[in-house]
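Spelled out, the chains give:
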Amino acid sequence: MNGRKSFGGGGGRGKSTTGAQGKDGQRRPMFRRRKVCKFCSDKIDDINYKDVRMLMPFVPERAKVLPRRISGTCALHQRKLRTAIMRARQLALIPYTTE
Amino acid sequence: MNRKYELVYVVSPEASDEQVTDLHTQVEATVQRMNGQIEKTENWGRRKLAYEIGRHKEGTYVLEVINGTGDLMKEIDRRLKVIDLVIRHLVVRVDEEQGVVDRTKARRSETSRRRRVARGLPPDRQPGEGQRGDVDDDRDDRFDMGEELR
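From first to last, the protein sequence lines stand for chains A and B. Start counting the first sequence at 1; every next residue gets the next number (this note's numbering). Start counting the second sequence at 1; every next residue gets the next number (this note's numbering).
These aren't lab readings, by the way, just hints derived from the structure by calculation. These numbers come from a predicted model, not from an experiment. Every residue gets a Cβ at the ideal spot worked out from N, C-alpha and C, and that includes glycine. There may be inaccurate statements among the hints.
Simulated crosslink set (SDA-like; lysine to any residue; CA at most 20 Å straight-line) [said to hold, decoys possible]:
#1 A:Lys43 to B:Lys74
#2 A:Lys38 to B:Ser109
#3 A:Lys80 to B:Ser112
#4 A:Lys43 to A:Gln90
#5 B:Lys74 to B:His89
#6 A:Lys50 to B:Asn67
Cβ pair distances, simulated, as ranges [claimed, not checked]:
#7 A:Asp51 to B:Arg93: 37 to 45 Å
#8 B:Lys81 to A:Arg82: 19 to 27 Å
#9 A:Arg34 to B:Ser16: 51 to 59 Å
#10 A:Arg28 to B:Arg47: 49 to 57 Å
#11 A:Pro95 to B:Arg93: 19 to 27 Å
#12 B:Ser16 to A:Ile70: 40 to 48 Å
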């Protein structure tokens, strides 16, 4: 007994599971892949405003900054990413918005 | 105190090549007058702007890496604001950030070396080792941008 059984919330680290109600009322666990920070895993230290190719996946269609909860970027890198995006926007390398 | 700065300026698409080089010499003159050095100059050429600035849809981008004082950058900033040919410019201080990056890189390679030695492997990664090493950089499409923004 290690008391690691978790119901719904409190997933914390590791694979997070959310209970999904099946058609026949059966409880089936839905596995979601744990998101990892792309910059940590690829060991990219330098998030540069000049590298538009690198920033582009983080500004989807509406040209907003992709939130951390979706991209899985860690806080440190999200912060660096944000400054890089803001600088790139100033230079018209990345749009502020799209019509 | 000398610091390292990056200056990027966007020149109006109507400017001729001579005007762009002329602008570069102007910047260079200011830098030299105030005891700075230009470390690197890069002309990115004509690029499409992500949004219209004034009525321009394109611009010529020039990057200069400058070693100098804050006063020098202030002066360059002031001058570029005045010049109408420059439609946008940005000055960023890079030395501190670069130091952090270098330190992280050094620390990372150091730990990896130590761990490899502890595992009884040669300190440096051998060619053809690991899954990541043989990925061709050109074929790496992880950072490819969407078509509509290209």
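* Asked: Hint by hint, which ones does this structure get wrong, listed from lowest number up?
  -> Hints 1, 3, 4 and 7 contradicted; others consistent.
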